[in-house]
Amino acid sequence: MYATRVLRQAAAHAERTPLIRFIGKRHIPEHVDHTPQPHPASPTGALPAGFGSGQNGGNSHASFSSYRDHAQQHGPLRKTISATSGIGAQPASHLGPVEPPRGVYFDRNELPPRFRRTPLTAAEIEAIETGGAALFG
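According to this note's numbering, the residues represented by the sequence shown are 1 to 137, in order.
Because the hints were derived from the structure by calculation, they are not lab data.
Ranges of calculated distance between the beta carbons of each label pair, as one might list FRET restraints:
(1) R8 x E124: 44 to 52 Å
(2) F22 x A62: 38 to 46 Å
(3) R68 x Y105: 34 to 42 Å
(4) Q9 x E126: 48 to 56 Å
(5) A71 x P38: 20 to 28 Å
(6) S63 x A11: 48 to 56 Å
(7) I125 x H94: 44 to 52 Å
(8) Q90 x R117: 34 to 42 Å
(9) E99 x A127: 34 to 42 Å
A virtual CB, placed ideally from N, CA and C, is assigned to each residue, including glycine.
Please construct the entire structure, taking both the sequences and the accompanying hints into account.
Spelled out as structure tokens, the structure:
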């Protein structure tokens, strides 16, 4: 026990030396080029045709705010959703009935009886509530 205390004190007072060594001083580049470049391991060494011009799924927005106005995450993020079109424009009753296809069930209680959960007995409930102690006492 005394040896552990001595080792902990020695470790606390020792100067820590990192195992990784950096060459040269840190410097921040003055200019960073953000133009699209092909990947160095690209087989063609060129960007796809129309890349970044808004064609073939490229970026068609001039600014981030323009992108944000048209973006969707868990629904539209636009500020221009109107009450006459889009989400919530018509009541759900106009969308038609919601009936599952044959063989699909929305709730476990709709299944045939042989597939339903069996109800717990009083002994099982007691065993769960006592953590199993009721089984031995």
